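Same order as they appear, the protein sequences are chains X and R. Counting from 18, one number per residue, gives the positions in the first sequence under the working numbering. Counting from 18, one number per residue, gives the positions in the second sequence under the working numbering.
None of these hints come from the bench; they were simulated from the model. These figures come from a predicted structure and were not determined experimentally. Any given hint could be a false lead.
Derived Cβ-Cβ restraints for the label pairs, each shown as a range [said to hold, decoys possible]: (1) G446(X) to Q281(R): 51 to 59 Å; (2) E318(R) to A426(X): 55 to 63 Å; (3) R172(X) to D153(R): 31 to 39 Å; (4) A426(X) to D153(R): 38 to 46 Å; (5) D245(X) to A347(R): 39 to 47 Å; (6) A426(X) to A347(R): 45 to 53 Å; (7) T62(R) to S41(X): 54 to 62 Å; (8) T255(X) to A258(R): 30 to 38 Å; (9) T307(X) to E318(R): 33 to 41 Å; (10) G28(R) to T422(X): 37 to 45 Å; (11) D64(R) to A140(X): 19 to 27 Å; (12) R194(R) to R172(X): 26 to 34 Å; (13) T333(R) to T321(X): 56 to 64 Å.
Using N, Cα and C, we set each Cβ at its ideal position, and we do this for glycine too.
Protein chains: 2
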Amino acid sequence: MLITDLVGALGAAHVLTDPDVTVSYETDWTGAFRGRAVAVARPATTDQVAAVLRICARHGVPVVPQGGNTGLVGGSVPAGAAAGAVVLSLRRLTAIEPVDAAAGLVTAGAGATLADVQAHARAAGYGVGVDFAARDSATVGGIAASNAGGERVLRHGMTRGQVAGLEVVLADGSVLRRLSGLPKDNVGYDLPSLFVGSEGTLGVITKVQLRLVGLPAARTAALLAVSDLPAAVGLVATLRATVASLDAVELVFGDGVDLVCAHQGRPAPFPGRPFPQDTPYLLVECVGPTDPTGDLAAAVETATGVLDAVVATTATDRERLWAYREGHTAAVNALDVPLKLDVAVPLARMSAFVDDLRALVPAVAPSARLHLWGHLAEANLHVNVTGLDRGDTGGREELTTAILTRAAADGGSIGAEHGVGRAKMAWVGLSRSPAELAVLAAVKHALDPTGLLNPGVIVSPGLTGSYRV
Amino acid sequence: MLITDLVGALGAAHVLTDPDVTVSYETDWTGAFRGRAVAVARPATTDQVAAVLRICARHGVPVVPQGGNTGLVGGSVPAGAAAGAVVLSLRRLTAIEPVDAAAGLVTAGAGATLADVQAHARAAGYGVGVDFAARDSATVGGIAASNAGGERVLRHGMTRGQVAGLEVVLADGSVLRRLSGLPKDNVGYDLPSLFVGSEGTLGVITKVQLRLVGLPAARTAALLAVSDLPAAVGLVATLRATVASLDAVELVFGDGVDLVCAHQGRPAPFPGRPFPQDTPYLLVECVGPTDPTGDLAAAVETATGVLDAVVATTATDRERLWAYREGHTAAVNALDVPLKLDVAVPLARMSAFVDDLRALVPAVAPSARLHLWGHLAEANLHVNVTGLDRGDTGGREELTTAILTRAAADGGSIGAEHGVGRAKMAWVGLSRSPAELAVLAAVKHALDPTGLLNPGVIVSPGLTGSYRV
Numbered sequence: 018m019l020i021t022d023l024v025g026a027l028g029a030a031h032v033l034t035d036p037d038v039t040v041s042y043e044t045d046w047t048g049a050f051r052g053r054a055v056a057v058a059r060p061a062t063t064d065q066v067a068a069v070l071r072i073c074a075r076h077g078v079p080v081v082p083q084g085g086n087t088g089l090v091g092g093s094v095p096a097g098a099a100a101g102a103v104v105l106s107l108r109r110l111t112a113i114e115p116v117d118a119a120a121g122l123v124t125a126g127a128g129a130t131l132a133d134v135q136a137h138a139r140a141a142g143y144g145v146g147v148d149f150a151a152r153d154s155a156t157v158g159g160i161a162a163s164n165a166g167g168e169r170v171l172r173h174g175m176t177r178g179q180v181a182g183l184e185v186v187l188a189d190g191s192v193l194r195r196l197s198g199l200p201k202d203n204v205g206y207d208l209p210s211l212f213v214g215s216e217g218t219l220g221v222i223t224k225v226q227l228r229l230v231g232l233p234a235a236r237t238a239a240l241l242a243v244s245d246l247p248a249a250v251g252l253v254a255t256l257r258a259t260v261a262s263l264d265a266v267e268l269v270f271g272d273g274v275d276l277v278c279a280h281q282g283r284p285a286p287f288p289g290r291p292f293p294q295d296t297p298y299l300l301v302e303c304v305g306p307t308d309p310t311g312d313l314a315a316a317v318e319t320a321t322g323v324l325d326a327v328v329a330t331t332a333t334d335r336e337r338l339w340a341y342r343e344g345h346t347a348a349v350n351a352l353d354v355p356l357k358l359d360v361a362v363p364l365a366r367m368s369a370f371v372d373d374l375r376a377l378v379p380a381v382a383p384s385a386r387l388h389l390w391g392h393l394a395e396a397n398l399h400v401n402v403t404g405l406d407r408g409d410t411g412g413r414e415e416l417t418t419a420i421l422t423r424a425a426a427d428g429g430s431i432g433a434e435h436g437v438g439r440a441k442m443a444w445v446g447l448s449r450s451p452a453e454l455a456v457l458a459a460v461k462h463a464l465d466p467t468g469l470l471n472p473g474v475i476v477s478p479g480l481t482g483s484y485r486v
Numbered sequence: 018m019l020i021t022d023l024v025g026a027l028g029a030a031h032v033l034t035d036p037d038v039t040v041s042y043e044t045d046w047t048g049a050f051r052g053r054a055v056a057v058a059r060p061a062t063t064d065q066v067a068a069v070l071r072i073c074a075r076h077g078v079p080v081v082p083q084g085g086n087t088g089l090v091g092g093s094v095p096a097g098a099a100a101g102a103v104v105l106s107l108r109r110l111t112a113i114e115p116v117d118a119a120a121g122l123v124t125a126g127a128g129a130t131l132a133d134v135q136a137h138a139r140a141a142g143y144g145v146g147v148d149f150a151a152r153d154s155a156t157v158g159g160i161a162a163s164n165a166g167g168e169r170v171l172r173h174g175m176t177r178g179q180v181a182g183l184e185v186v187l188a189d190g191s192v193l194r195r196l197s198g199l200p201k202d203n204v205g206y207d208l209p210s211l212f213v214g215s216e217g218t219l220g221v222i223t224k225v226q227l228r229l230v231g232l233p234a235a236r237t238a239a240l241l242a243v244s245d246l247p248a249a250v251g252l253v254a255t256l257r258a259t260v261a262s263l264d265a266v267e268l269v270f271g272d273g274v275d276l277v278c279a280h281q282g283r284p285a286p287f288p289g290r291p292f293p294q295d296t297p298y299l300l301v302e303c304v305g306p307t308d309p310t311g312d313l314a315a316a317v318e319t320a321t322g323v324l325d326a327v328v329a330t331t332a333t334d335r336e337r338l339w340a341y342r343e344g345h346t347a348a349v350n351a352l353d354v355p356l357k358l359d360v361a362v363p364l365a366r367m368s369a370f371v372d373d374l375r376a377l378v379p380a381v382a383p384s385a386r387l388h389l390w391g392h393l394a395e396a397n398l399h400v401n402v403t404g405l406d407r408g409d410t411g412g413r414e415e416l417t418t419a420i421l422t423r424a425a426a427d428g429g430s431i432g433a434e435h436g437v438g439r440a441k442m443a444w445v446g447l448s449r450s451p452a453e454l455a456v457l458a459a460v461k462h463a464l465d466p467t468g469l470l471n472p473g474v475i476v477s478p479g480l481t482g483s484y485r486v
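My request is simple: use the sequences and hints to build the entire structure.
Written as structure tokens, this is what we have:
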């Protein structure tokens with residue numbers, strides 16, 4: 018019996034079946050996706066992960082790998098095609114190896130949180146090139162599996178660029194290790210790049226080797242209120258061209274900042290200056306071996322469209338400014354279960370795209386409230402909609418189709434950084450051609466021929482695995 | 018008939034069968050690999066590439082894709098398992114699209130040379146993050162297919178990190194395009210990363226979209242004679258820690274420099290100072306928004322073990338210093354058809370590895386002459402051996418096995434940047450586990466089930482395509 022076999026492999030304490038206990042593993046962080054697991058397995062070692070996969074394969078029960086369960090697309094919970102799966106929680110694989118200071122590398126268990134790995138690296142004089150608000154819960158395994166983006170993509174790229182190696186347990190329980198740490202090792206297809214972003218559908222990541230980045234000696238953040246979005250987009254180009262140390266250009270709007278202030282009981286960033294609700298604010302951060310404040314101030318002073326600015330050089334003040342940006346997700350989630358979309362469009366088309374969104378959303382859903390923020394330098398916009406009837410699945414789908422179709426029409430992406438998961442499966446064809454979808458299915462079938470791993474994510478379970486369409 | 022069909026698709030002028038004409042396509046650049054092609058097909062468009070693949074699939078004739086044919090592992094010629102293949106030359110796909118200056122991207126036909134793309138980018142104020150001596154012949158398609166390394170890996174990484182998108186013709190003639198140019202587009206497995214480095218075995222790359230890099234305002238090179246290899250390795254760490262603008266740290270030895278000087282009729286870099294033949298020389302290059310000469314000079318002056326140094330700041334003087342490094346391949350090829358190996362070992366083990374090589378080579382092949390150079394900062398050593406009997410295949414294999422086994426024992430790579438091709442097939446198992454080899458075979462089988470594409474490269478033709486070993 019499945020449960021007996023799992024208990025035999027992991028011990029009874031680490032096979033959870035009590036619904037009161039499993040519920041937090043079965044519900045995604047947004048509250049939009051929920052299913053029932055036959056059990057939650059909590060292995061502590063790579064060998065135990067392999068044992069769980071072999072047991073599930075033998076019983077024909079699918080497996081949903083899960084890290085910190087902070088994903089935003091329902092990819093880590095046993096919903097939809099994965100209902101009744103075993104949730105394979107990696108959170109007990111928390112070991113972090115000593116930093117290899119000469120090579121600038123660290124290897125961590127999949128279940129180590131991003132914040133723990135960041136602290137571990139910092140103690141050795143290094144930083145991690147990935148960062149985002151959920152750092153205290155998100156695990157490095159989940160970050161790799163979802164190719165997380167976040168607030169440092171401008172300088173360091175997505176997670177794929179930070180991953181030097183992986184340990185992965187394959188669907189049949191065999192273990193693949195690529196942890197040499199060599200900067201050059203050009204022997205065969207680059208499997209780590211393939212597993213990064215595969216969202217648990219090709220194998221279960223058990224260790225992640227990260228390329229670390231230098232810790233800048235100085236860091237300055239500024240919050241700028243800008244006259245309008247075209248001016249904000251223009252400012253990105255100016256900053257990129259003139260501020261060598263640019264590390265992040267994040268976008269929020271006046272209404273979102275007000276929402277965060279109300280949710281957190283914070284003062285407004287520009288007290289006594291009630292800018293219009295649709296005023297874009299840019300959170301700009303610069304880093305450098307020397308204080309970058311002068312460079313940033315010079316660029317801002319000569320820029321057109323800046324209405325007001327607050328500059329922060331101390332860690333406390335910078336955190337205060339970042340809270341206006343990072344508080345958005347929680348503030349919106351506190352209103353409602355939002356419809357969450359994550360799109361990219363070419364930066365030159367961003368302003369027109371936002372204008373169209375502001376018209377399109379009320380046209381489709383008159384009661385809806387639109388919340389926008391994102392990573393402007395990377396042309397990545399988070400589109401959240403609240404005020405939708407929770408039961409109104411049709412309305413959510415209609416709105417999703419309208420917004421994602423609009424993004425795709427601009428040559429944009431329907432999943433800039435959050436991935437596909439279960440939430441975006443119906444719309445993958447807007448961003449990927451039939452030829453490419455057929456290749457995705459063929460690769461999935463090659464590595465997971467029985468569809469054991471996270472069914473219903475990235476590749477439709479019904480696809481044949483032949484790339485000939 | 019195959020030839021008739023190819024002529025129908027491409028015209029008679031672009032289907033070459035005259036042995037006097039095809040020979041240059043059938044012999045690899047090192048002279049070590051040679052085979053006969055049934056024909057050389059020279060399509061001019063993506064559609065023609067697709068037509069060639071469909072024709073070859075119909076006739077059951079394998080296809081060897083070829084760019085500039087400057088590879089060093091026999092991967093682009095119809096030898097071994099690919100004897101009698103059609104060589105598919107991409108060299109007529111030379112169109113380069115205008116640089117997207119806002120996004121820092123350019124898209125080029127697979128047959129455009131690296132030098133042409135570099136010049137095109139430079140005219141728009143950008144550089145290409147990949148560079149190496151064969152730039153005038155190597156094509157961007159070949160660079161992507163082989164995940165080329167070269168002289169800028171320290172700062173920019175291997176080619177995979179520069180590729181923003183690809184157009185690829187699959188084995189069945191369907192065309193896969195991922196050329197959105199979006200910095201974030203996290204929808205499904207990252208197929209460009211998979212095709213980069215696949216050496217023509219998964220698809221035929223027809224367009225390459227490259228992420229461009231900034232052109233530094235100033236550039237300084239220095240050639241340093243160093244007392245011994247441990248001191249040179251120590252100097253790498255010092256330079257990395259103290260020179261923010263470090264761009265390259267290349268390694269040559271006194272005997273190699275003498276060989277280049279003799280081959281090119283150049284004066285010695287340190288006239289009147291006859292350092293021992295095994296003296297390591299480091300070619301160090303720094304770049305920056307301002308002149309990095311001072312930083313470099315300060316680091317060198319306080320470093321231990323530097324015997325002498327020449328600094329070059331003008332383009333002419335820098336090229337003169339680089340010629341001592343870049344002239345190695347041609348100078349060694351002029352002696353003989355060398356045994357060419359390309360290994361990486363952890364930098365901390367490099368000195369002991371080189372000591373062992375200097376003992377190991379004469380023990381296996383008493384008449385042999387060992388030539389060493391490489392990319393020291395990335396711990397990548399090019400091992401060339403001349404003076405071997407050309408017919409002495411056994412001796413070459415024995416020496417290869419000894420050297421690659423020694424590198425693997427140190428946790429090294431048997432193919433740091435040159436790839437696998439046909440030359441390294443027998444030794445892939447030294448760098449990749451059975452579990453990983455099984456995955457490589459499964460991916461190959463998923464994308465090329467009939468083994469049409471470059472048979473005998475990366476994946477052995479006999480493997481089943483199941484990853485269950």
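We went through each hint and held it up to the structure:
no.	hint	verdict
1	G446(X) to Q281(R): 51 to 59 Å	57 Å, holds
2	E318(R) to A426(X): 55 to 63 Å	59 Å, holds
3	R172(X) to D153(R): 31 to 39 Å	33 Å, holds
4	A426(X) to D153(R): 38 to 46 Å	42 Å, holds
5	D245(X) to A347(R): 39 to 47 Å	59 Å, violated
6	A426(X) to A347(R): 45 to 53 Å	52 Å, holds
7	T62(R) to S41(X): 54 to 62 Å	55 Å, holds
8	T255(X) to A258(R): 30 to 38 Å	33 Å, holds
9	T307(X) to E318(R): 33 to 41 Å	22 Å, violated
10	G28(R) to T422(X): 37 to 45 Å	42 Å, holds
11	D64(R) to A140(X): 19 to 27 Å	56 Å, violated
12	R194(R) to R172(X): 26 to 34 Å	28 Å, holds
13	T333(R) to T321(X): 56 to 64 Å	43 Å, violated
Hint violations for this structure: numbers 5, 9, 11 and 13, all remaining hints satisfied.
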